[in-house]
Amino acid sequence: FIKSLISKVMVANSVAIGDACTSIVHNLLCYRQGEENEAFAKSAIESLVKKLKDKKPELDALIQAITTNGQHSTSCVTIPRTLDGRLQVAGRKVFPHVLYSRLWRWPDLNKNELKSLSICDLAYDKKGDRVCVNPYHYERIVTPGLDLASLSLQPAAQALNQISAQNTNSEKDATSGNNQNRGRFSQYPQYNPSIYPQTHASTAGTSSQSSSISHSSRANTEQWTAESASFWGHSQPTPPLNHNSQPHHGNGPESDPATNLPALSNKRPPEFWCAITYFELDVQVGETFKVPSACRTVTVDGYVDPSRANRFCLGALSNVHRAQESERARLHIGRGVTLEVRGEGDVWLRCLSDYSVFVQSYYLDREAGRAPGDVVHKIYPSAYIKIFDLRQCHRQMHSQAVTAQAAAAAQAAAVSGSLPGPNSVGGIAPALSLSAAAGIGVDDLRRLCIIRLSFVKGWGPDYPRDSIKKTPCWIEITLHRALQLLDEVLHTIPISEPYIME
1 FIKSLISKVM VANSVAIGDA CTSIVHNLLC YRQGEENEAF AKSAIESLVK KLKDKKPELD
61 ALIQAITTNG QHSTSCVTIP RTLDGRLQVA GRKVFPHVLY SRLWRWPDLN KNELKSLSIC
121 DLAYDKKGDR VCVNPYHYER IVTPGLDLAS LSLQPAAQAL NQISAQNTNS EKDATSGNNQ
181 NRGRFSQYPQ YNPSIYPQTH ASTAGTSSQS SSISHSSRAN TEQWTAESAS FWGHSQPTPP
241 LNHNSQPHHG NGPESDPATN LPALSNKRPP EFWCAITYFE LDVQVGETFK VPSACRTVTV
301 DGYVDPSRAN RFCLGALSNV HRAQESERAR LHIGRGVTLE VRGEGDVWLR CLSDYSVFVQ
361 SYYLDREAGR APGDVVHKIY PSAYIKIFDL RQCHRQMHSQ AVTAQAAAAA QAAAVSGSLP
421 GPNSVGGIAP ALSLSAAAGI GVDDLRRLCI IRLSFVKGWG PDYPRDSIKK TPCWIEITLH
481 RALQLLDEVL HTIPISEPYI ME
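Heads up: the sequence shown is residues 1 to 502, going by UniProt numbering.
Hint data in this document are derived by calculation from the structure and do not stem from the laboratory. No false leads were slipped in.
Computed beta-carbon distance windows for the label pairs:
id	residue 1	residue 2	range
1	Ile493	Ser43	46 to 52 Å
2	Asn37	Pro57	28 to 34 Å
3	Gln88	Tyr31	20 to 26 Å
4	Phe40	Arg447	34 to 40 Å
In silico DSS-like cross-links for lysine-lysine, where the CA-CA straight-line distance does not exceed 25 Å:
id	residue 1	residue 2
5	Lys42	Lys111
6	Lys42	Lys53
7	Lys55	Lys42
8	Lys127	Lys111
9	Lys115	Lys93
10	Lys290	Lys267
11	Lys111	Lys93
12	Lys127	Lys115
13	Lys93	Lys51
14	Lys115	Lys51
15	Lys42	Lys56
16	Lys53	Lys127
17	Lys93	Lys127
18	Lys127	Lys56
19	Lys126	Lys115
20	Lys51	Lys111
21	Lys93	Lys42
22	Lys290	Lys469
23	Lys53	Lys93
24	Lys50	Lys93
25	Lys126	Lys55
26	Lys126	Lys51
27	Lys56	Lys126
28	Lys127	Lys51
29	Lys127	Lys55
Predicted, not measured: the structure shown is a model, and the values here were computed from it. Note that the Cβ used here is the ideal one computed from N, Cα and C, for glycine as well.
Construct all of the structure, not just a fragment, from the sequences and the given hints.
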């Protein structure tokens with residue numbers, strides 16, 4: 001009798017554990033990214049959960065990491081290393097850390113693009129008996145497609161032809177089946193400006209794209225004339241590189257189709273295309289630096305010679321309450337970054353510093369397939385990358401304004417008692433679903449017009465700092481053309497104060 005009872009208890013426990021595992025697999029499957037075959041994804045998750053069912057802390061760490069998108073620090077999640085280092089799932093042999101990073105973070109990941117974070121003690125590359133497969137213990141580094149260091153100086157046309165040929169080959173390798181230009185982190189080859197010819201605008205009133213912009217080239221942006229209209233059609237140096245609407249991760253400007261599109265507004269361009277505010281931790285240091293619209297590029301560096309309208313020298317700013325960590329970080333800003341406005345208001349960034357910079361950018365979020373504000377983007381030295389798309393921003397602010405207006409109307413109807421019933425046109429569910437958007441205000445829309453960038457130190461789930469306001473030195477870039485468009489949107493679609501429902 002006792003043996004029979006023990007047997008029944010063991011069977012019951014086994015069934016309970018099996019049900020729990022099935023539930024966990026189902027929940028984790030809901031967080032998979034991309035279009036991976038569901039049956040394969042389910043097999044991969046089942047295999048992992050079975051390996052972790054007797055290691056509750058690691059299973060809990062996996063669940064927390066995946067369900068919170070890595071917002072909280074989690075421990076290693078390990079499985080035994082096989083003889084060849086690969087895992088067999090549903091007849092396919094794959095590297096385990098790559099498999100689960102593809103499954104839950106980057107569907108188009110290449111096995112050579114993963115680098116373990118310093119917090120990971122059991123990373124795949126450490127060759128231990130156990131392998132960490134926590135996707136949030138790795139970062140993505142896009143493999144450089146072109147080594148410019150191997151090129152010798154030669155006539156511009158010949159050099160560009162070589163670059164075009166090499167890029168064609170590297171792009172074929174990089175895009176076979178997947179596009180490697182999308183992701184959270186990117187690393188790029190060294191930039192050599194001498195290879196690229198400088199193209200000057202043929203229309204009066206526009207300046208060259210060289211890093212030095214003379215004061216005499218400033219256009220008078222106070223009058224909407226043919227001269228200032230050419231502001232939006234500024235010529236660009238155009239090496240023959242085409243990344244098919246993906247963000248450009250190369251080393252020189254590419255032709256931008258946005259420059260040939262009609263302007264989003266016929267308003268004259270603002271006097272200043274951006275304003276840059278410098279912070280140390282949560283304290284603003286110095287005055288806001290405004291960049292004239294005639295200056296198509298601006299450099300933000302750590303030096304002390306603010307001699308030009310397109311150069312913001314952070315080294316010249318004093319702070320009597322400066323923290324030691326800010327003092328140390330400022331020493332490494334060096335040549336800093338260059339920001340370039342193109343077309344009507346797209347913004348590109350070049351990292352000139354010897355240290356990476358970290359960017360909060362809704363455009364890069366979208367290109368990486370992430371939710372807005374969900375991720376911080378690490379930009380490596382010598383990288384040249386688009387960080388803001390004006391048309392995308394305009395669509396987003398218009399969409400959010402419409403949603404907020406509809407939500408406010410739904411709440412007003414609810415307060416007045418005239419909310420439509422479930423059987424009426426529209427029904428009650430759509431109105432209630434909009435209530436979550438009723439809190440959208442002007443400040444939320446203004447955030448779409450702002451880019452934040454931290455020098456040297458990062459923040460977010462992979463770092464000890466959970467906010468940019470805890471980084472030692474950072475800048476906030478406010479884009480004035482985007483604010484102009486936001487003003488037009490708000491006049492067209494006014495946002496009412498949200499109703500507070502008791």
